[in-house]
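Engineer: Here is what each chain is made of, one letter per residue.
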Amino acid sequence: MVNYLVRRIFTSILVLFGVSVLVFSVIHLVPGDVTMAILGRQKVSPEKVAELRAQLGLNDPLYVQYGRYLNKALHGDLGVSIRNYLPVSKSIAEQMPSTFALAMSALALALSIGGILGLLAALRHGTWFDTLVMGLSVSGLSIPTFWMGLLLILLFSVKLGLFPSISNGSSPAELFLPALTLGLPEAAVVARMVRASMLDVLSKEYIITARAKGLPERLVILKHALRNALIPVVTFVGLQMAYLLGGATIVETMFARQGIGRLAVQSIFNRDYPMVQGVVLVTATIYVLINTLTDITYVFLNPKIRLK
Amino acid sequence: MISELSPALIQSNSPGIRVLKQILRNRSAQMGGILLLILIFFSYAAPLFTDKDPNKTEPSLALKPPSLEFPMGTDGIGRDNFTRFLYGGRLSLRVGLIGITIGALIGITLGLISGYFGGWLDSFVSWFTDVLMAFPDILLALAIIAILGPGITNAMLAIGIAFVPSFMRLTRSSVLSLREMTYIEAARSLGSSDARILIRHILPNSIRTLLVLITLGIGSSILAGAALNFLGLGAQPPTPEWGAMLNAGMKFVRQAWWLTVFPGAGIFLAVLSINLIGDAISDAVAGTSITPDKKQHPFTAQ
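Protein chains in written order, with the working numbering: chain A, 1 to 308; chain B, 309 to 610.
Don't read these hints as lab results, they were simulated from the structure. Be aware that a few hints might be false.
Here are the in silico distance ranges between beta carbons for each label pair [to be verified]:
1) B:484 with A:222: 34 to 44 angstroms
2) A:93 with B:496: 50 to 60 angstroms
3) B:376 with A:93: 47 to 57 angstroms
4) A:234 with B:496: 43 to 53 angstroms
5) B:324 with A:71: 48 to 58 angstroms
6) B:417 with A:155: 38 to 48 angstroms
7) B:427 with A:29: 45 to 55 angstroms
8) B:546 with A:127: 44 to 54 angstroms
9) B:456 with A:127: 46 to 56 angstroms
10) B:324 with A:208: 31 to 41 angstroms
11) B:364 with A:11: 36 to 46 angstroms
12) B:417 with A:29: 46 to 56 angstroms
13) A:93 with B:356: 52 to 62 angstroms
Computed list of chain B residues with no C-beta within reach of chain A, every gap over 12 angstroms [said to hold, decoys possible]:
14) 338
15) 370
16) 373
17) 429
18) 508
19) 511
20) 512
21) 545
22) 562
23) 587
Derived list of chain B stretches under chain A, where covered just means 3 residues or more per stretch with a C-beta under 8 angstroms from a C-beta of chain A [claimed, not checked]:
24) 446-456
25) 496-504
26) 527-537
27) 564-570
All C-beta atoms in this analysis are idealised placements derived from N, C-alpha and C, irrespective of residue type, glycine included.
This is chain B alone, in the form it adopts within the complex (with noise of 0.2 angstroms):
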């Protein structure tokens, strides 16, 4: 019973049915959550518009530019390159949301960990995600690919791990200021487990935070796995896949436009959704509003 009447959860009712609302009204979010939904359903949804097979070739129909019958054209081997791109779709939102997936699940914990303990272990784990964070970027993918070998899992993977400094770093840094709150010394008083501290009364008041960087690092994440796959290192072929695709367009590029624009297109517009919501659910959580507010900066509305 105690744990109704801790500020955590007094504070996370309304103030989060308050951000909520505000994202929904958010302009630039409702226009990312419709453009992500209409993706979602346009791959998942693929039998519905297409009747054909993603991998079905057919070398007389090769190259042949956008008409009704390949209202995207078809590639270099007479694969009907608009059902590709909508099977295509359903992987580069995978690899995405399983890559941050991994990485938010092992950070989280590594974070929540390391913070709420401190000691040895927190100067290891910090030590640890400064050595990962030393390898730019995509690098590091690179490095775990080169260890387990190009592939779709071991893609996901490299994107999770290249993601668990982030997420670290940001869980701790929150647990580092809860830990000395008085609801949590209250709750620890009461004979409250370490465990359930830490999942009952601080991960709760980290999520705000967290939030931000999971749907932006969800944006991240597909443009990783894209860039993966465009190299050759993730999906193989025939997998459709719109990085893949793009590499296969690539040998065709004076030719056949088509075989590059739409699924770069589709990467496009599905890491602008994520990353339009996720500046509505970060201008929210910093209780800020995103429409310019002019008497905010009196000297520079001239």
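Just chain A, with the same shape it has in the complex (with noise of 0.2 angstroms):
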């Protein structure tokens, strides 16, 4: 247990220092001069060039750079910005909340509805029912999530005007739309994650057994099935911070809300590389650690790993 522990975090430290030499080396990957890059075309003077050289340390070796960088990350300084000077790290935590916010509900709403929709889908199993909430998650795999935001925009918005289509707030109904289209797809996985658990689950001994003691219908499910369907449920969820991560991207441009996937592109477009590397790092970061918790956590939840 001990040894699994100190295995699993000595792991993630190893991605870790790897995910950092690849952000790092986001600068030096740039075809040509990054200099050049980031001044593009306009006209500009050797002393300007040698100056955004220095500030962003491009004059030592490389090691030298590294190790600099990972200093100055490791105690919260991601650099500056090359186009609004204002420090990454600062311009992330802005960012973060609304993204935060944004991920939150869609992981809520995509555990509600798929949740409920894979279990009366396992309950009526091989019924029209089924098949339906089958198709449906089929469907939702295959939609792009910006179209079924302008889908949802068409209707909730334009025809109906119920919620707004461009959304900055916290809101219920600012979140609304964004956190559907970030959720729906999620939904659809959770349904059939949910379905095929429970189908498993309620083909056990133990379900047999409690439905011979006599225990009503209702208890066998909520109590005896349903818990125990949730387990891979629940370490999925984890998982899932990376799709709802990438997916803000899309949805927050979509909606111009504001967030650290919006930051991500408008600072591809922007040369910002210093933003773009630190958007990638914490992000990366993030979902490292929340992998290697899941992880941790479904060792302590499964007595039969705990065990060994």
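Can you join these two chains into the complex? Each is in its own frame, and there are hints to help.
Structural biologist: Structure, rendered in structure tokens:
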């Protein structure tokens, strides 16, 4: 157990090290000279180029640059934007709550919609309802996020006038459409998982036992089957943060919302490399941490692994 | 001659055909296949259905709703949306196919090598894929585009690289289980080279699992491509492409629904058709039938 924990944490540190190297390399992998890429075709004096090189710290040997980058990053300093000269970490900290609110509401919608549909589909296995839910699920997986967002805007915003199509705030009305856009494809995955997991659990012997001893069907389902069926779903939630953080890029761009996803896209257009590096580093780090925590929680939840 | 006797080949013949037959009989695979063929036919035979130029602007005809003359209406600068839809499909489908090909080629090669040879090489490749997997979804593609700059070729490359980890992992785990098989040992003792063992014996036996990932991957790859194009990081104007058309149509979402609904439907149908086929392949490979079997779950039949 302790062995496993140590190994798992060690792996994560190795991965985070790799992430930092990769993110650091971004600026050096740009074809040609990065200062030219940043300054573009505008006529600039050699002094200006030299100034930019110094600002980006490009004059030192690579390992010195990396060491400095890592040291600063560990102290929360992700550099300064080369467009608006604001600290990258400050910009990210400002945009993060908006993305977080979006991801969490999307997750809540996905779990409730997907969970209920998946459960009902499993209980009505083989009926038209099951087929319908599975059909909706395949469609949900195939639908481009941005297209669904548009259809939702056309329906709820243009046609019915219920929700704003541009929504920057975190009030329920402003969050509803973006969260639904991000959450529905996720709901499709959750529905599939809950259904498969429920079907699996329902064929287990302890369910037969529970029924045989005369428990009401409601208790069999809720207390015995659903609880066990949800274990794989819970671990899955952690992994889904990847999708939510990635999808936020599109949803935020679409609804002109604040957030780190939109910040990343805009910084790519602006060739604001320190900002891109910062967003990518922070997002990947969050993701690695969530995955590590999920794995560790899973070990605590699952006695079979714990006892080994 | 020995290879003809190897279980690999004896196994791969008849079950292969059986799997294929099962896929062809599958209702959703048939639907997906027909849908996909229609989409491919319409986009590649575009000149048969329209004699207009996808990039010809006609400001006086801007934002016309769908009519007989313009079946999908016109866009903000009077280009025929239907013509752009047909030509745009070519690029959207191609991005998906090329993206997944890049990802599969690199990923499968890495997986074969790292699973077969093991050792520090395996540790390094596995670590590297773990690192790549630490970047959520589209973010890795974004980082790559940040390096290479926006553009359709770079978008395909970015999608390809983003797919490398899944292919590498799946191939590796398949190689690990096959490596110790008796027939691999037999091939080795007969003097087959590592390359021959990998290509003639291990790869064909991994192909069934990989096939599922490849098919479903084409769908996700089309989606990812459309997403990058939608963000403006792929195809640049005036190139017609479904994701980019959707992005351009966003400006007119209140006046002209046809500019966003049709290209989006194109992406959706393309991905749906591939997912339907992929599901059927995955069911066939797993050896289970897709038709709900009530007998399997006697307690849920009520």
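Engineer: The structure should be examined with respect to each hint, and the outcome stated for every one.
Structural biologist: Status of the hints after comparison with the structure:
Range check, residue 484 (chain B) to residue 222 (chain A): about 40 angstroms between beta-carbon atoms, so the 34 to 44 angstroms window is met. At about 57 angstroms, the CB distance of residue 93 (chain A) to residue 496 (chain B) agrees with the hint of 50 to 60 angstroms. The supplied range of 47 to 57 angstroms is met by residue 376 (chain B) and residue 93 (chain A), whose beta-carbon atoms lie about 56 angstroms from each other. Range check, residue 234 (chain A) to residue 496 (chain B): about 44 angstroms between beta-carbon atoms, so the 43 to 53 angstroms window is met.
Judged by the Cβ atoms, the range 48 to 58 angstroms given for residue 324 (chain B) and residue 71 (chain A) holds: they are separated by roughly 56 angstroms. A hinted range of 38 to 48 angstroms holds for the C-beta pair residue 417 (chain B) and residue 155 (chain A), which are about 46 angstroms apart. One distance hint, 45 to 55 angstroms for the beta-carbon pair residue 427 (chain B) and residue 29 (chain A), is violated here, with the actual separation near 28 angstroms. In this structure, residue 546 (chain B) and residue 127 (chain A) meet the distance hint of 44 to 54 angstroms, their C-beta atoms being roughly 50 angstroms apart.
For the pair residue 456 (chain B) and residue 127 (chain A), the beta carbons lie near 50 angstroms from each other, so the given range of 46 to 56 angstroms is met. A hinted range of 31 to 41 angstroms holds for the C-beta pair residue 324 (chain B) and residue 208 (chain A), which are about 38 angstroms apart. For residue 364 (chain B) paired with residue 11 (chain A), a C-beta distance near 57 angstroms fails the hint of 36 to 46 angstroms. As the Cβ distance of residue 417 (chain B) to residue 29 (chain A) is approximately 22 angstroms, the hint placing it in 46 to 56 angstroms is violated.
Separated by about 56 angstroms at the C-beta atoms, residue 93 (chain A) and residue 356 (chain B) satisfy the suggested range of 52 to 62 angstroms. Remark: the non-interface label on residue 338 (chain B) is consistent with the geometry, its nearest Cβ contact in chain A lying 15 angstroms away (cut-off 12 angstroms). Separation of residue 370 (chain B) from chain A is adequate, the least Cβ-Cβ distance of about 19 angstroms exceeding the 12 angstroms criterion. With a least CB separation of 14 angstroms from chain A, residue 373 (chain B) remains clear of the 12 angstroms interface cut-off, as annotated.
With a cut of 12 angstroms on Cβ distances, residue 429 (chain B) stays outside the contact zone with chain A, its closest approach being about 16 angstroms. For residue 508 (chain B), the non-interface assignment is confirmed: its Cβ lies about 34 angstroms from the closest Cβ of chain A, beyond the 12 angstroms cut-off. Look at residue 511 (chain B): its CB is around 28 angstroms from the nearest CB on chain A, clear of 12 angstroms, so calling it non-interface holds up. Once the 12 angstroms rule is applied to beta carbons, residue 512 (chain B) is consistent with being away from chain A; the minimum gap is 29 angstroms.
With a least CB separation of 14 angstroms from chain A, residue 545 (chain B) remains clear of the 12 angstroms interface cut-off, as annotated. Separation of residue 562 (chain B) from chain A is inadequate, the least Cβ-Cβ distance of about 6 angstroms not exceeding the 12 angstroms criterion. In this structure residue 587 (chain B) is not separated from chain A by more than 12 angstroms, as the shortest Cβ-Cβ distance comes to only about 7 angstroms. For the stretch 446-456 of chain B, the proposed coverage by chain A is satisfied: 8 residues have a C-beta within less than 8 angstroms of a C-beta in that chain, meeting the threshold of three.
Against chain A, the stretch 496-504 of chain B contributes 0 residues with a C-beta closer than 8 angstroms to a partner C-beta. That does not satisfy the three-residue criterion, and the hint is violated. By the rule of at least three residues with a Cβ nearer than 8 angstroms to a Cβ of chain A, the coverage given for the stretch 527-537 of chain B holds, with 4 such residues. Judged by the Cβ-Cβ criterion of 8 angstroms, the stretch 564-570 of chain B is covered by chain A as claimed, because 3 of its residues qualify and three suffice.
Violated hints, in rising order: 7, 11, 12, 22, 23, 25; the structure is consistent with all others.
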